[in-house]
Amino acid sequence: MLEILIFGAVTSAIYAMLAVGFTLIFGVARILNLAHGSFYALGAYGAYVLTTIFKVPLIVAAPLVVVGVALFGMVVERVLIRPMRKSQLAVLMISLAISLVVEQALFLTFGSEYRNVPSFIDQKYVIGGVDVAGQRLLTLLVSVVSISGLYLFIQKTRLGSAILAISQDPEAAQYMGIPSDRIFGVVMAMSAGLAALAGIMAGPFLSVQPSMHLLPIVKAFAIVVVGGLGSIPGSIVAALMLGYAETLVAYGISTSWTEIVSVAATLLMLVLSPAGFFGKRAAF
Amino acid sequence: MQLKNLDRGGALVALTLMAVLPLVFDSKYLMGVLTVAAIYGIWSVSWDFMSGLTGRENFGHSLFIGVGAYAAGFLNTTWGANAWWGLPAGMLAAVVFALIMGIPTLRLKGPYFALAMLSGAVIMQRLMLIFWKFTGGEEGINGIEPLIRSPLYFYWFVLGMLVFTAALLGGLARSRWGLILKAIRGDEATCQAAGLNVTYYKIASLVISAAFAGMGGALYAHYQLQVSPQLFAVVTSITIITMVYVGGMSTIYGAIGGALLLTLMTEMLRDFGEWRLMIYSVALILILFFLPQGLVAPTWKKIRRLLARGRS
Amino acid sequence: MFGHTFSKRSFTRLAMALSAAALFAPAHAQQGPIKIGLTTAVQLQVGRDTQEAAKIAIDEINAKGGVLGRKLSFVVADETENPEVGINAIKKLTADEKVDVIVGGYTSGVTLAQLPHISSAKTIYLGVGAASPAITAKVKQDYENYKYIFRTGPINAVHQAKGLVEWISGHLIGELGLKKIAIIGENAKWVQDLVPVLRKGAVDVGADVRMVEFFDTTTSDFSPLLSKIKSSDAQFLVVVLSHASSDVFAKQWYDARFPIPYGGIDVKSQDGDFFDRVGGKSISQVAVNFAVRAPLTTKTVPFFDEFKKRTGRVPVYTAFGTYDSVHAYAQAIERAKSFDTNAIIKELEKTSMVGVAGYLEYDETHDVKAGGKFMNLLFAQWQAKGERVVLWPKSLRSGNMIMPPWLTK
Numbered sequence: 520m521l522e523i524l525i526f527g528a529v530t531s532a533i534y535a536m537l538a539v540g541f542t543l544i545f546g547v548a549r550i551l552n553l554a555h556g557s558f559y560a561l562g563a564y565g566a567y568v569l570t571t572i573f574k575v576p577l578i579v580a581a582p583l584v585v586v587g588v589a590l591f592g593m594v595v596e597r598v599l600i601r602p603m604r605k606s607q608l609a610v611l612m613i614s615l616a617i618s619l620v621v622e623q624a625l626f627l628t629f630g631s632e633y634r635n636v637p638s639f640i641d642q643k644y645v646i647g648g649v650d651v652a653g654q655r656l657l658t659l660l661v662s663v664v665s666i667s668g669l670y671l672f673i674q675k676t677r678l679g680s681a682i683l684a685i686s687q688d689p690e691a692a693q694y695m696g697i698p699s700d701r702i703f704g705v706v707m708a709m710s711a712g713l714a715a716l717a718g719i720m721a722g723p724f725l726s727v728q729p730s731m732h733l734l735p736i737v738k739a740f741a742i743v744v745v746g747g748l749g750s751i752p753g754s755i756v757a758a759l760m761l762g763y764a765e766t767l768v769a770y771g772i773s774t775s776w777t778e779i780v781s782v783a784a785t786l787l788m789l790v791l792s793p794a795g796f797f798g799k800r801a802a803f
Numbered sequence: 003m004q005l006k007n008l009d010r011g012g013a014l015v016a017l018t019l020m021a022v023l024p025l026v027f028d029s030k031y032l033m034g035v036l037t038v039a040a041i042y043g044i045w046s047v048s049w050d051f052m053s054g055l056t057g058r059e060n061f062g063h064s065l066f067i068g069v070g071a072y073a074a075g076f077l078n079t080t081w082g083a084n085a086w087w088g089l090p091a092g093m094l095a096a097v098v099f100a101l102i103m104g105i106p107t108l109r110l111k112g113p114y115f116a117l118a119m120l121s122g123a124v125i126m127q128r129l130m131l132i133f134w135k136f137t138g139g140e141e142g143i144n145g146i147e148p149l150i151r152s153p154l155y156f157y158w159f160v161l162g163m164l165v166f167t168a169a170l171l172g173g174l175a176r177s178r179w180g181l182i183l184k185a186i187r188g189d190e191a192t193c194q195a196a197g198l199n200v201t202y203y204k205i206a207s208l209v210i211s212a213a214f215a216g217m218g219g220a221l222y223a224h225y226q227l228q229v230s231p232q233l234f235a236v237v238t239s240i241t242i243i244t245m246v247y248v249g250g251m252s253t254i255y256g257a258i259g260g261a262l263l264l265t266l267m268t269e270m271l272r273d274f275g276e277w278r279l280m281i282y283s284v285a286l287i288l289i290l291f292f293l294p295q296g297l298v299a300p301t302w303k304k305i306r307r308l309l310a311r312g313r314s
Numbered sequence: 122m123f124g125h126t127f128s129k130r131s132f133t134r135l136a137m138a139l140s141a142a143a144l145f146a147p148a149h150a151q152q153g154p155i156k157i158g159l160t161t162a163v164q165l166q167v168g169r170d171t172q173e174a175a176k177i178a179i180d181e182i183n184a185k186g187g188v189l190g191r192k193l194s195f196v197v198a199d200e201t202e203n204p205e206v207g208i209n210a211i212k213k214l215t216a217d218e219k220v221d222v223i224v225g226g227y228t229s230g231v232t233l234a235q236l237p238h239i240s241s242a243k244t245i246y247l248g249v250g251a252a253s254p255a256i257t258a259k260v261k262q263d264y265e266n267y268k269y270i271f272r273t274g275p276i277n278a279v280h281q282a283k284g285l286v287e288w289i290s291g292h293l294i295g296e297l298g299l300k301k302i303a304i305i306g307e308n309a310k311w312v313q314d315l316v317p318v319l320r321k322g323a324v325d326v327g328a329d330v331r332m333v334e335f336f337d338t339t340t341s342d343f344s345p346l347l348s349k350i351k352s353s354d355a356q357f358l359v360v361v362l363s364h365a366s367s368d369v370f371a372k373q374w375y376d377a378r379f380p381i382p383y384g385g386i387d388v389k390s391q392d393g394d395f396f397d398r399v400g401g402k403s404i405s406q407v408a409v410n411f412a413v414r415a416p417l418t419t420k421t422v423p424f425f426d427e428f429k430k431r432t433g434r435v436p437v438y439t440a441f442g443t444y445d446s447v448h449a450y451a452q453a454i455e456r457a458k459s460f461d462t463n464a465i466i467k468e469l470e471k472t473s474m475v476g477v478a479g480y481l482e483y484d485e486t487h488d489v490k491a492g493g494k495f496m497n498l499l500f501a502q503w504q505a506k507g508e509r510v511v512l513w514p515k516s517l518r519s520g521n522m523i524m525p526p527w528l529t530k
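Chains as they are written, first to last, in our numbering: chain L, 520 to 803; chain U, 3 to 314; chain S, 122 to 530.
It is possible that part of the hints are untrue.
Unchecked claim - Calculated lysine-lysine pairs in the BS3-like style (CA-CA distance at most 25 Å, straight line): (1) U:K303 / L:K605; (2) S:K156 / L:K643; (3) U:K30 / S:K490; (4) S:K467 / S:K430; (5) U:K30 / S:K467; (6) U:K30 / L:K605; (7) S:K506 / U:K30.
Unchecked claim - If you anchor each label on the Cβ, the simulated ranges turn out as follows: (8) U:P300 / S:K430: 53 to 59 Å; (9) U:A195 / L:P689: 26 to 32 Å; (10) U:T80 / S:R414: 26 to 32 Å; (11) S:G186 / U:L14: 55 to 61 Å; (12) S:P423 / U:L17: 37 to 43 Å; (13) L:M520 / U:F133: 52 to 58 Å; (14) U:L14 / L:L734: 45 to 51 Å; (15) S:S290 / L:L734: 36 to 42 Å; (16) S:S290 / L:I578: 45 to 51 Å; (17) U:T80 / L:I578: 22 to 28 Å; (18) L:I572 / S:E470: 47 to 53 Å; (19) L:G653 / S:K301: 40 to 46 Å.
Worth flagging that the hints you see were computed from the coordinates, not collected in a lab. Backbone N, C-alpha and C define an ideal beta-carbon position, used for all residues, glycine too.
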């Protein structure tokens with residue numbers, strides 16, 4: 520039981536980090552960014568490259584990678600996505616193509632075998648009789664801190680209010696002189712950085728190979744829709760639900776069924792309450 | 003009037019070319035590639051018919067393809083039926099699933115509809131893997147018989163089915179049906195108010211789209227002589243959407259052009275070995291970026307205009 | 122028209138010259154080189170090593186003048202781990218490249234899907250990577266259509282299961298006294314063929330099989346599975362892995378300081394750099410290898426050395442099968458003194474030669490023979506600094522077995 524509690528929390532934490540970034544960029548810029556998984560992958564690979572090839576200590580490499588991927592996200596938004604914003608399908612397709620290019624670039628550079636991302640903590644902890652790898656606990660902590668940080672940032676700072684304003688009423692925001700375009704870039708950067716952080720934290724114990732972006736994006740998409748597109752609290756709640764549902768099924772029945780459970784839950788949600796828990800235009 | 007004749011002429015020329023090309027080059031390999039391209043053409047046309055016209059993008063088209071293929075596979079191997087039963091069986095299976103998925107998702111639009119259909123396909127894929135004792139799991143069903151032993155005649159048969167599909171769906175699209183579907187895309191509420199049975203049209207378009215996808219799936223099963231859960235994968239659905247996009251949405255013939263183009267491109271890039279998919283993805287970005295209306299349909303429209311002007 | 126230019130005399134001289142040339146030119150020189158089609162998962166180690174081994178064999182044969190006067194050449198088609206891509210690869214090799222023989226394979230599911238297409242192309246196929254017995258079963262069921270299929274390696278899943286049972290009986294139970302075992306395997310065809318034989322065999326030699334479980338090949342979080350294994354009270358975990366995330370499994374096993382040692386068939390663990398790839402976390406894992414750099418046969422050490430010289434790394438199992446396949450094929454042609462497919466097949470069936478991992482002979486289903494002087498399963502353990510120590514069979518033992526570092530107090 521305790522095992523499920525702990526491992527479920529770690530799984531939910533990773534999902535939350537991915538989902539929050541995904542829902543953020545949608546809420547603000549109405550962009551369904553299918554390349555979001557690529558930021559996750561780049562985070563993990565970035566950590567691998569800096570630590571293994573350039574021998575940079577992990578504690579230095581991590582922030583470097585996060586900033587690097589954030590900048591990459593900004594550039595991608597500016598150059599490739601913004602011009603396509605008239606059509607949601609176009610944005611979807613081009614972000615998909617971008618994710619493919621990133622995957623191929625990683626494959627050509629690193630090959631298809633798994634790569635090793637070092638952990639921050641290498642010890643094992645025993646909590647109530649349950650063996651937990653230190654890295655997993657750290658991931659949980661980092662997730663909570665970073666998402667809380669993001670939330671506070673949005674609520675308390677001027678930039679944050681600007682973001683809120685755009686998400687609630689893009690036209691009014693423009694009238695008020697808020698530079699939407701520049702803000703999109705910033706939001707994309709935050710979204711990408713968060714995903715990269717997830718990659719750095721989870722890379723040590725999950726798979727790091729070129730196609731690692733696929734599963735997270737499908738899950739993030741599902742979580743975000745269930746929680747309500749554009750709502751951060753919604754994404755967190757949905758991430759928790761999904762993370763725990765999967766863990767329960769994995770321990771109770773078998774790992775083969777976890778995928779189905781989460782997808783079926785998504786489908787059910789869509790059929791019963793398409794706007795998700797917190798609705799489409801919930802302020803966050 | 004003129005344009006229609008030009009369209010027909012163009013289609014005839016294209017069809018003749020396709021039918022004769024493998025003979026001209028005496029290449030069994032080319033024939034194989036074109037057969038697959040034609041089947042993708044059937045899938046793309048069927049997708050375009052619903053999603054292109056109604057604007058409800060279906061990200062789970064692979065579900066219908068997969069059930070069609072598996073139905074044909076099961077029928078042929080486990081139940082030992084004659085291979086030809088696979089075609090109607092595939093269509094029927096797909097129709098059943100279209101109703102299962104279509105009815106609950108009626109009120110969904112945009113990304114929600116896309117996600118719902120995608121979920122359906124993913125669930126099916128997983129089920130095929132979980133119940134591997136019955137479905138062959140990862141390896142799927144092997145030992146399916148070919149429909150027509152001669153690769154050439156089979157190829158012509160598939161071409162024939164492609165023409166049939168395109169003609170039927172294209173005809174529907176140009177008729178009152180198409181108008182209503184486009185109207186529903188524009189403003190569903192008004193259509194409802196005007197007394198149109200919107201539900202019927204939405205379900206019907208999905209069912210028709212699914213039926214042909216399922217048929218294509220059965221054809222594919224009898225060509226590959228094997229079906230695997232890969233058919234249900236997201237990648238399959240997205241490949242088809244890309245083909246339609248590159249060809250030109252909601253033009254029906256554009257979908258065929260897109261299917262041909264992308265299938266041939268994938269094969270021709272084989273010589274680049276590991277770089278193949280990279281070049282393909284970059285080419286995709288360029289097309290999406292610079293040709294938002296697609297490649298095939300706008301090109302044909304330009305050619306058509308030139309020809310029409312040439313005449314007058 | 123020709124008039125003076127082409128007098129009757131010069132015409133006769135020309136005719137004589139041409140006939141002379143025809144007499145002395147080797148009969149097959151006009152046919153060009155023999156094309157070998159390699160089909161494999163190009164991006165993986167098994168794929169790269171298939172190609173390297175083919176090159177080595179081809180170079181050796183060409184250096185001695187080729188086969189019946191013709192040189193060997195090869196082309197590669199990527200079959201990935203996906204049946205659809207695999208079928209396309211076969212089509213490309215047979216219809217487009219028109220190869221004379223196909224060598225390769227890795228995933229049993231892909232190979233099974235390719236069989237009807239290979240058969241209709243009437244091309245000989247020598248498998249080097251897939252282990253499911255179903256592949257060669259067709260040879261007996263439908264000889265006329267499937268006589269083209271041979272398997273040079275690895276030994277099939279059932280033989281592998283028997284090899285595992287021998288090791289469990291002799292080493293785990295016999296020497297270490299570990300009777301309680303848990304068996305986990307990925308959900309792939311060859312594993313589904315293997316595990317029932319393994320379970321029955323283990324029970325027959327006195328093992329207490331606490332649990333048997335299959336898991337999804339794409340699983341990336343093994344915590345639930347590890348938890349189940351822990352509560353099963355097993356003393357040793359026997360794994361059967363090929364496509365699954367062995368790397369991730371090793372890391373998670375280590376990170377949790379899992380109290381049960383593990384080992385078994387783990388194809389990815391055969392990679393020379395596996396230990397480094399997982400940051401040393403596969404320490405104490407016992408993994409099956411089909412050959413190591415030891416004089417199993419007269420060809421073993423020279424092959425390993427040549428391979429290391431060319432690539433800087435140690436070969437994985439597909440390399441042995443490929444190297445042997447190319448030589449077997451060449452020798453079959455020499456014995457048949459013909460390039461006729463059916464004649465070659467007859468001679469291939471009579472193959473009896475020294476291979477890299479053992480003697481090579483095919484049984485009546487064209488499957489490679491196993492055991493004794495033929496190919497065997499070897500068990501090697503990852504020890505400190507990434508050193509691989511052979512533990513079994515006893516005759517080849519090069520060191521003592523170690524336990525996971527956290528279990529030795």
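- Message: The hint says 22 to 28 Å between T80 (chain U) and I578 (chain L); measuring C-beta to C-beta, is that right?
- Response: 58 Å, violated
- Within a Cα-Cα threshold of 25 Å, do K30 (chain U) and K467 (chain S) meet the stated pairing? Roughly 28 Å separates the two Cα atoms, so the pair is violated.
- Do G653 (chain L) and K301 (chain S) keep their Cβ atoms within the hinted range of 40 to 46 Å? 29 Å, violated
- Message: For a C-alpha distance cap of 25 Å, please report whether K30 (chain U) and K605 (chain L) respect it.
- Response: 44 Å, violated
- Query: If you check the beta carbons of S290 (chain S) and L734 (chain L), does the distance land in 36 to 42 Å?
  - Reply: 40 Å, holds
- Message: Given the hinted pair K30 (chain U) and K490 (chain S), is their Cα-Cα distance within 25 Å?
- Response: 36 Å, violated
- Task: With 26 to 32 Å as the target window, see if A195 (chain U) and P689 (chain L) comply at their CB atoms.
- Result: Roughly 30 Å apart at Cβ, these two residues keep to the hinted range, so it holds.
- Query: Measuring from beta carbon to beta carbon, are P423 (chain S) and L17 (chain U) in 37 to 43 Å?
  - Reply: Since the Cβ atoms of P423 (chain S) and L17 (chain U) sit about 59 Å apart, the hinted range of 37 to 43 Å is violated.
- 25 Å limit on alpha-carbon distance, applied to hinted pair K506 (chain S) and K30 (chain U): Violated, at roughly 53 Å.
- Straight-line Cα separation of K467 (chain S) and K430 (chain S) no greater than 25 Å? Cα-Cα ~36 Å, so violated.
- Verdict for T80 (chain U), R414 (chain S) (Cβ pair) under range 26 to 32 Å: 48 Å, violated
- Between M520 (chain L) and F133 (chain U), does the beta-carbon spacing fit 52 to 58 Å? 30 Å, violated
In this structure, the earlier hints numbered 2, 3, 4, 5, 6, 7, 10, 12, 13, 17, 19 are contradicted, and the remaining ones agree with it.
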